[in-house]
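Novice: Next come the chains, spelled out residue by residue.
Number of protein chains: 2
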Amino acid sequence: KVVASLVWAPHQFVFRQLFESESSTWTYILGCRETGECVIIDPVLETVDRDLQVIEEMGLKLKYALNTHVHADHVTGSGVIKTRLPTVKSILSQHSGAQSDIKVGDGDSVHFGGQILMVRETPGHTNGCVTYITGDLSMAFTGDALLIRGCGRTDFQQGSASLLFDSVHQKIFTLPENTAVYPGHDYKGRTSSTVKEEKTLNPRLTKSKEEFVEIMNNLNLPMPKKIDDAVPKNMVCGI
Amino acid sequence: KVVASLVWAPHQFVFRQLFESESSTWTYILGCRETGECVIIDPVLETVDRDLQVIEEMGLKLKYALNTHVHADHVTGSGVIKTRLPTVKSILSQHSGAQSDIKVGDGDSVHFGGQILMVRETPGHTNGCVTYITGDLSMAFTGDALLIRGCGRTDFQQGSASLLFDSVHQKIFTLPENTAVYPGHDYKGRTSSTVKEEKTLNPRLTKSKEEFVEIMNNLNLPMPKKIDDAVPKNMVCGI
Ligand SMILES: [Fe+2]
Ligand SMILES: [Fe+2]
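Line order of the protein sequences matches chains A and B. Final position of the first sequence in this note's numbering is 282; the numbers increase by one with none missing. Final position of the second sequence in this note's numbering is 282; the numbers increase by one with none missing.
Think of the hints as simulated: they come from the structure by calculation, not from any bench. You may find that some hints are simply not true.
One copy or two, either will do: identical chains are not told apart, so a pair holds if it fits within one copy or between any two.
Here are the computed lysine to aspartate or glutamate pairs in the DMTMM-like style, where the Cα-Cα straight-line distance is at most 20 Å [what the hints assert, rightly or not]:
no. : residue 1 : residue 2
1   : Lys-231   : Glu-65
2   : Lys-132   : Glu-80
3   : Lys-132   : Asp-144
4   : Lys-104   : Glu-77
Predicted, not measured: the structure shown is a model, and the values here were computed from it.
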């Protein structure tokens with residue numbers, strides 16, 4: 044288990060948000076300016092070169108490659124990153140059923156320099172979905188549990204609309220209202236939201252649990268194009 | 044001329060960054076939580092609906108639609124925004140040669156609630172390029188004068204590589220090194236940079252002025268697809 048550092052230095056926080064346009068995935072780099080240690084959340088295979096260049100050019104050293112869950116729409120960059128930078132450890136939920144160097148669950152923290160990411164399990168889109176939250180509660184990286192005015196689908200990969208509803212209400216909507224929500228994807232060019240906005244404006248998650256389940260069970264979406272390729276690769280944390 | 048408010052409340056600052064994927068344009072919404080007043084920088088015609096929805100859902104009231112310059116690659120959303128919200132005033136550089144409700148130049152400030160954007164003229168990509176800077180110098184909206192690891196081209200619309208070099212060095216690189224650079228475009232999914240990074244890593248602007256001019260005069264790029272449509276429309280600040 045990863046244990047939080049007791050020293051937390053918000054003014055030394057470094058942050059970059061990066062977009063992968065084919066799968067509309069948001070990747071995040073969070074670092075500690077003082078020590079140079081950093082983490083990456085949800086890297087995508089196709090943009091590993093860009094992301095490692097950003098990290099290097101910011102003078103940072105990558106410690107962990109975190110995934111919010113086992114993705115079905117793109118292959119994680121974690122595997123290639125570990126090949127390039129052998130000291131990097133991959134991190135996934137203990138309930139993901141997938142391979143990773145470190146498994147995390149409720150109450151765990153990931154630390155890099157003086158910075159902390161706290162882990163909350165937010166299953167429902169998949170069993171192994173987690174939300175990573177900065178030490179000051181100012182930012183939540185929600186993966187596909189909570190998207191801007193939406194949420195991840197629940198019709199494959201152990202999906203459960205009922206479980207997702209509880210996760211978002213109990214683990215994300217209980218954060219401070221001004222916590223920024225940084226999602227796993229956005230398909231309309233939006234970069235972030237807030238807990239308050241999603242609590243009041245999310246067209247699905249403002250509904251009752253029964254209505255939410257009804258909506259989620261009737262989306263009738265086609266399968267993600269890459270699912271048969273991506274999931275097996277992501278179960279071993281990338282090629 | 045727009046005069047700055049003397050009251051400046053950084054903790055009341057609201058910020059959203061939005062992407063328009065066809066022209067790879069970044070649009071920015073900056074607001075004052077206390078008063079609800081906000082501005083939009085470089086809105087794009089195609090994403091006006093999204094942007095106005097974001098503003099409305101954040102409980103903000105749009106005061107100004109700012110453009111960093113007369114764009115050649117997309118039609119500004121300013122015109123449609125003014126039709127929808129008749130109290131909104133458009134803002135462009137006094138040297139743009141274009142129509143707008145308010146013209147700004149060096150030393151002017153745009154205020155909305157307790158927030159301030161300061162104007163620095165940064166010509167070279169066009170004559171009417173300006174950079175908007177937040178009151179605490181923490182963010183610079185550089186339009187196409189300075190892009191992440193790049194810069195706007197200088198081969199049409201009064202373009203001058205020599206002038207652009209001076210603008211960036213004298214008006215942007217003189218900001219604090221940790222000032223975040225928010226560009227007019229990014230074509231690789233990057234959202235921001237810093238003055239320090241661009242001063243040290245920009246492959247063009249770290250060169251001597253002579254080398255920079257040589258690089259810029261030999262890019263041999265095709266004309267932007269929309270230039271003949273976009274420029275006349277943007278000269279009247281949008282349809
Ligand atoms: Fe997913
Ligand atoms: Fe431009």
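Novice: Evaluate each hint against the coordinates.
Specialist: Status of each hint after checking the structure:
no.	hint	verdict
1	Lys-231 - Glu-65	both (13 Å within a copy, 12 Å between copies)
2	Lys-132 - Glu-80	within (13 Å within a copy, 45 Å between copies)
3	Lys-132 - Asp-144	within (6 Å within a copy, 55 Å between copies)
4	Lys-104 - Glu-77	within (12 Å within a copy, 39 Å between copies)
Violated hints: none; the structure is consistent with every hint.
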